[in-house]
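4 protein chains.
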Amino acid sequence: MRVAVIGATGYGSAELIRILENHPYVELETLISSSQAGEELGSVFPHLSQRELSLEELDLDQLAERVDGVFSATPAGVSGELLPELVERGVIAIDLAGDFRLEAADYQTWYSKEPAPSKWLSEAVYGLSEWTADQVKKARLVTNPGCYPTATLLALLPLVRAGVIAKGPVMIDGKSGVSGAGRGLKQSSLFCEVEGNLFPYKVAEHQHTPEIERYLSMIGGDPRTVTFTPQIVPMSRGILTTIYAPVESGWRTDQVREVIERAYREKPFIRLCESGRWPRTKDVAGSNFCDLQVKVDERTGMVIAAAVIDNLMKGAAGQAVQNLNLMMEWPESTGLSMLPVYP
Amino acid sequence: MRVAVIGATGYGSAELIRILENHPYVELETLISSSQAGEELGSVFPHLSQRELSLEELDLDQLAERVDGVFSATPAGVSGELLPELVERGVIAIDLAGDFRLEAADYQTWYSKEPAPSKWLSEAVYGLSEWTADQVKKARLVTNPGCYPTATLLALLPLVRAGVIAKGPVMIDGKSGVSGAGRGLKQSSLFCEVEGNLFPYKVAEHQHTPEIERYLSMIGGDPRTVTFTPQIVPMSRGILTTIYAPVESGWRTDQVREVIERAYREKPFIRLCESGRWPRTKDVAGSNFCDLQVKVDERTGMVIAAAVIDNLMKGAAGQAVQNLNLMMEWPESTGLSMLPVYP
Amino acid sequence: MRVAVIGATGYGSAELIRILENHPYVELETLISSSQAGEELGSVFPHLSQRELSLEELDLDQLAERVDGVFSATPAGVSGELLPELVERGVIAIDLAGDFRLEAADYQTWYSKEPAPSKWLSEAVYGLSEWTADQVKKARLVTNPGCYPTATLLALLPLVRAGVIAKGPVMIDGKSGVSGAGRGLKQSSLFCEVEGNLFPYKVAEHQHTPEIERYLSMIGGDPRTVTFTPQIVPMSRGILTTIYAPVESGWRTDQVREVIERAYREKPFIRLCESGRWPRTKDVAGSNFCDLQVKVDERTGMVIAAAVIDNLMKGAAGQAVQNLNLMMEWPESTGLSMLPVYP
Amino acid sequence: MRVAVIGATGYGSAELIRILENHPYVELETLISSSQAGEELGSVFPHLSQRELSLEELDLDQLAERVDGVFSATPAGVSGELLPELVERGVIAIDLAGDFRLEAADYQTWYSKEPAPSKWLSEAVYGLSEWTADQVKKARLVTNPGCYPTATLLALLPLVRAGVIAKGPVMIDGKSGVSGAGRGLKQSSLFCEVEGNLFPYKVAEHQHTPEIERYLSMIGGDPRTVTFTPQIVPMSRGILTTIYAPVESGWRTDQVREVIERAYREKPFIRLCESGRWPRTKDVAGSNFCDLQVKVDERTGMVIAAAVIDNLMKGAAGQAVQNLNLMMEWPESTGLSMLPVYP
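Protein chains in written order, with my numbering: chain A, 45 to 387; chain B, 45 to 387; chain C, 45 to 387; chain D, 45 to 387.
If we strip away everything but chain A, and leave its shape as in the complex, we get:
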């Protein structure tokens, strides 16, 4: 299968290339970039300099002939228009941006951009692989989940489906490495501003909030608002979400652990930490794993759940390839067996 990566100069795309170059059924045909067309891959990403490939301008018709599928990792507001054109030309598409994740009104509110055509918003399938595999298998257009929502939903969905969580406020404290902010030039992404630093941003305003709420309702059957606070941590990769929710009476830690264990028994990328051990971002770095742990605090009647992922892998490129595998009916882990790089 021949594929292209559109928007090829960001960190998510570098990660896609790293995976696809060793994927047994995929040939990486071309890289599309509007900002750096004409450059060599090795000049944009010296760590990939052994691979000869040039970045190219987008030409829709030509691209549709050269490839069978695309991964799109453009800034918000671009893929909403672009990908339908490719899908109509018979190319399957996986979008790593947020353009197809929300209903039109919510997209406008939280992204302050024009939404994608509503026909395509309906057609796009949310690719949270462990929960929506059946729909993904039939999709032509998959919208890959956001990094924070992936970690959050993987921890919360088993709990809401099993009725563990009571009425009341759900708090999601998210922490992310700075690669989530991309490779663009911003003062707040400079080494000297991030090293030794830790801070919240977009508090109660982050666009992943409505995404979490939407799919908690759609997949989990639990419509509720959540409070979400993202924070930048001085590391390149990794997300930890710590989730606080009121627990229905009667549930104890071991029972809730069992709920999670049962939910993911057959899922190769989800690991429940052994009892008493909490997830660490570095244990999943460079891999497609999501590590989980949960505890009921009987003193306060709250359940605390924690999930870690590599934001560029399970939170972006890894899950995107997992979705491609599902769409193509290849084994779900194809090309994704790389283990975490530690330390």
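Hints are not guaranteed to be accurate.
Identical copies look the same in the list; a pair holds intra-copy or inter-copy alike.
Cut-off 25 Å, straight-line C-alpha distance, at most; resulting in silico cross-link-like pairs (SDA-like, lysine to any residue) [said to hold, decoys possible]: (1) 246 / 296; (2) 246 / 299; (3) 246 / 375; (4) 311 / 66; (5) 157 / 120.
For the record, the hints were derived by calculation from the structure and aren't laboratory data.
Fit chains B, C and D to the given chain A structure using the hints.
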């Protein structure tokens, strides 16, 4: 005034020495260490090698003659016995450990150690300088607050005193640099285990939980349980606590900001961030500042507060010297005017 | 092929496991550890918790029956005795320690330990894969090069073989991430001691000095002494060696670049950086690549060469597997096609 | 004394403000910035938000009336024109840029900019405080040394003056934290590009090369070329230079150590590490110290010297204030007694 530092080989003590060497009214007379007695300061801490001073064994009688005050930074369970002996010999004492912070029963439960004599538990004054200055001024024995409780209480106390917080769960998501774990040899403190890593520990089991609850009640008049989750962040210094609490109806962000502003108007070390800017740990690194921000999330009815401190300064040595200044009726900022080191 | 890893609790062994688990022709049969026998792999290395395997005590006879090959990553002084026993029982062995790299007298001088039996010192083949492949293919016992010597020799050997370097002092300024110091508990490996820190150690005393000299002479035909200064850099992985040597008159940068290009034209893991771009450790992180660059400073008559490797990959586990591939006459890159993880 | 900082938005200026705010004889009157005039200090540098001060446009006449001295930290090519104007108006000036450090021809060659007027190039005094104090005391215009030259010359000058170094190549391997690259937006300064990364740049082309050579000759009386290789290390602050030079026969380590000790006996900021201990950048972080060590490698006939400084302190703002103290005949350490911040 001549002072000693007891338990002089940890990071908190290095910070005490850094401050005291430039404090205009204090002479650092000696350093006490049971584990490294006989060594030169410059060999234990090469960054202080310009200062000639040897570490010494503890000799209570002799020490009481040589100094007027002590800072004690021993492991938990040591100062509870030691400091009363010194205070009875006329030395004033500031304890950076947790031995005098809790009631006897809670200490036993959360620290799994024998509590200090109850007479001294009653006499010891909790040195949260901005809130307990009047008692500290009269004290002979001050128990310096823990690092997480300092950040948490400085953010929460104005809110509970003003009635901003409604009934319901209060969640404290704490994040700390690894210097909080001390200079002891543990696999989990190795560079390769911490760099690029982020993880919760002692979830709902940390000994700072009852300390927060006790003083929220004693100082804030608000007895309630809290859920507290500490987490290690790959940096040496700094604490950020992100606090989630249900807000009484009617409060809006600007009003809550005003509550904080009013509470700390005269306090030189507390800075409320300008509207829209969130506290960053690095903005206080190396200084005694605490930076605060707060926001009401009207969608969910929660108030979110964030506080940052340097865990070794306002969270330990800085606040300890601030308490000494209060005890001696010196200006509160004496020796603490150093600005944050950025970047 | 069934293999074992002996000394399985260090970072080099974690890296071996990461590679071997995805190696198509190898089955990781067992892990040997004297210090943590009985523990589960997932408890020693949580990042590998999806793999069920227990650490075992060493039993030579039993091991020789269960496996066809071993990787040994024990502390210095252990494998010198151990591996001959296994090789005599028909097991092929690759040693990642320094026990077989030097002549007996030099080993005693620089390692302050008893050398391995001289018969085995002679039999062991130095596995600098790009330069000694022919001997490695016939070997039963391969001594894997040290991390600093690998980077240094890969840069220097083409130059000395081509006569680029004149008489005079050769200086090797080595810089390494702290994983090279292992997972043992040392104050100097603590996060707070390494973060933001940079310092030389073992100046002109490091045991890799005679290793560089020996193989510069044996492989390069150039017997000379070198000055080698290792330094610790605040990062987990990666080595950069910057090499200064007097240049024979007449050589210019482009000519010396061509010497390197020609030397490694057929070598899949050696990349000469494009003109003007210098190697960066992160461009090889997690991979078996070595990136090189060279420049003639005509003002001073010196040639400056720089090499980067991932110390745990090309500097240890990666090259060890490369050597296994050679010994087994499998394609040299088998199991080593993973690309660098960036950022 | 009233002073201004010109070019007030960089890291060096933040450090100047940190020092000057606690300097007993200096009043920080104003901050000049062409790029961010009109902004509040606390918005440019939130860590300084307790200080109310606005950035202003430059108005030469007005400035000359308001202040007695200026620190100038503009990009290369600006101060060469600007500072003479101020000096002529009776203001003393300390330039942290490179505009007055070289002869006109060398400046043009290495900086590719127009040199400052030759009259002023002659008048400007090189402010390597420990070596040129006598001239600095009489100067109206001081050119503050570069960061790499400061570390290098402090290590080398005692050796060349004592005749320790023989004929032959001198190699200077420089390593710097990334704050040296400034606060400007460059891809190579992004956290994700620097973290875990280490690489040479401007090899044999860095503009500090002729500065080292010039003052090695002028102050040390030793005209020679040097090879200088700068490298970026993943940390914010700190410089380590490792210097390799041929040693005159007969010199041994302890004798060379004595040369250094004697040279700096009266100098409060220079610390010779105890025998066997090598300088570490973190031991001087946030302070004006320079730590030194030296060793004669008798096997190879080379002497190896290492120096560490905080590039923003002794390598920039700290030395600049030290020079102001000299110019004003205040005690040399005034305002500079802050100890290193560790860890």
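**Study point:** Hints violated by the structure (listed by number, smallest first)
**Key:** Hint check: 3 fails alone, others pass.
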